[in-house]
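Respectively, the protein sequence lines represent chains F and U. Counting in full-length UniProt numbering, the first sequence runs from 1 upward without gaps. Counting in full-length UniProt numbering, the second sequence runs from 1 upward without gaps.
Heads up, some of the hints might be wrong.
No copy is singled out in the list; a pair is fine if it fits within one copy or between any two copies.
[Stated by the list, open to error] Listed below are the simulated DSSO-like cross-link pairs for lysine-lysine, each with C-alpha atoms no more than 30 Å apart in a straight line:
#1 345 / 97
#2 217 / 97
#3 217 / 89
#4 205 / 89
#5 107 / 225
#6 107 / 205
#7 161 / 371
Everything labelled a hint here was simulated from the structure, so no lab data went into it.
2 protein chains.
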Amino acid sequence: MGSHHNGDRASSSNGGAALVDKDVDFAQYFCTYAFLYHQKEMLSDRVRMDAYYNAIFQNKHHFHGKVVLDVGTGSGILAIWSAQAGASKVYAVEATKMAEHARTLVKENNLQDVVEVIEGSMEDVTLPEKVDVIISEWMGYFLLRESMFDSVICARDRWLKPSGVMYPSHARMWMAPIRSGLVDQKKGDYDGAMDDWYNFVEDTKTYYGVDMNALTKPFNEEQRKYYLQTAMWQNLHPHQVIGIAAIIKEIDCLTATVNDVLEVRSNFSSSITMENTRLCGFGGWFDVHFRGRKDDLAQQEVELTTAPSVDDGTHWGQQVFLLHPPDRISEGDCLNVSFMMNRSKENHRLMEVEIGYEIRQSSGRSLPTLKNKFYIE
Amino acid sequence: MGSHHNGDRASSSNGGAALVDKDVDFAQYFCTYAFLYHQKEMLSDRVRMDAYYNAIFQNKHHFHGKVVLDVGTGSGILAIWSAQAGASKVYAVEATKMAEHARTLVKENNLQDVVEVIEGSMEDVTLPEKVDVIISEWMGYFLLRESMFDSVICARDRWLKPSGVMYPSHARMWMAPIRSGLVDQKKGDYDGAMDDWYNFVEDTKTYYGVDMNALTKPFNEEQRKYYLQTAMWQNLHPHQVIGIAAIIKEIDCLTATVNDVLEVRSNFSSSITMENTRLCGFGGWFDVHFRGRKDDLAQQEVELTTAPSVDDGTHWGQQVFLLHPPDRISEGDCLNVSFMMNRSKENHRLMEVEIGYEIRQSSGRSLPTLKNKFYIE
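Okay, chain F solo, but in the shape it has when bound (with noise of 0.2 Å):
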């Protein structure tokens, strides 16, 4: 019943994505939350813990005294600093069994009586009083994959007082070219793949007496999908960064609805800053603000970026999209790039994205559109 209400739920509210059935979404995606080495890759991210750490203690008018909603604890760190930032209450919830751990937490660290640790996903618990502040590290690679801002818009509309400030406030996704030797890398696995392939249908003619060749366009477009298509994980140095980067998404946490995030559209432009290089592909990050509100505002903003950096790279990296083949490239050229990313139709914690662009040569001769077609697995 419940997957089935999930259902009707979703197609009119997830943009015609369908939302995971629950016990699928727990199996393929809350349930990798449960393990302590997960945790602890996200804890041991220096940049993101200071950045939180920081938005918390240096803007203890926010939460002293406060009532505090923590969306998906995890560990229950953001919970515990809130705590002892002087927080009257903190309601840390959880969806998987990492709850007891965060219980555990916070009882070690003396804070029972303000930390009540609810095991339980944000769209199902029944919260006793309305928050003051509403905490989360709900940001995905690229900012959006695992839809997980969705629950943190749930949690506001329905536990958020009027007055009620977001932590954090806004998130931004920004865009990049790059250059980057994963290209030839990829397309060499591509190629062998294919090789591979060939040489497979022969022998399986040859020994077996059965014909594959109809499979190999199946094959074919199942690796194109897996090794060209597939959005990867890097942690991208700034010399890889060739051209201007671009905001391609703005996020008011106080206002934003699921439909603003259902899709991101944007057509920019980005002046090359490199010369004679090789366009291999699109570099995606964001970043995130805490600046309280216009009525309620921090006193100390801080900011937490995902871009390229030599000393400050996080658990996040950036999500590279990889042209095939690259195009070459010199300062003076310009792009014109269409962005377009929604949510996959089997899985509404993945996304679907289309690159397109157009190079303006310095010359001013223009290098035709290309559109481009990639998956955020």
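Take the given structure of chain F and dock chain U to it, following the hints.
Using the frame of chain F, we list chain U on its own:
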């Protein structure tokens, strides 16, 4: 409804292990078989392919003019061979979208008048008639991982004529003591993970004011399970087998019930055959035989074995259960081993294993029994 029904049937027929919810089962288990890359991996296993090819074509009397059922046809290979061997009709059942590719292959190989591909789970489909032969490649790692034999039993009980034949007809599980450098590698990985954890707890306390020491115990259990207690896939070299291998399970595919395969219990002895070595763990594998039935024997018996081999390794490899720390052991010593395997409570397709052993040294001295828990994931 489907999943609840499965649940009821599960508790009564699955030894207490919950059958995974149908949709979850599809998302976690079946879906991997929908990839051509995975099918190709199995189709490229020459030992596997040769065994089934020879079993069929060296026993055409079992197929000529007969009605055949292929359980879990995948790409359709066994169904196609059955038709080429002269079957009058072949029903090829496949739960995933791979069925569409099987249909394509059947057509391209001009067998659409004989082979009917049916997309659906074996438990749900209805055939127009009973069959003379059930052929299936159902074996998972260490034979029973995936619990696919349940579906073959279901097919047999519903659709096999009283005089029908099973392909394969018999299956056996084997076990032997082994040596392996993997034991040092995994111990190193585990130690490294724990060292890293202790530093992490220190840093989190110092920089972020949160004491995570209370999670050391569960983190340690999680890493022990992952690094030390999870059965590993390996293609063992015969020189790694340091004692006499033993049969720990025998299955007659014509008569076995689901109850017979819910649990594997065996006490066996193994004489050590290598001087001055280390007992690093146990290797497990299986073989199947194509013998026909007593009143309708195969003309040519065929064996498919996954025992450690230099030239004839298979994609199944062996399952390796490592012991920490390894024991010094030598020719003349003898192991008394107790082996127990049953289905995981959370997922009937995965296994939990307990291995206890006692070393009877050639001197007559006996080293105490130790019991070790393992997981086949």
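Checklist entry - Which hints from the list above does the structure break, by number from lowest to highest? => result Hint 7 is the one this structure does not satisfy, whereas the remaining hints hold.
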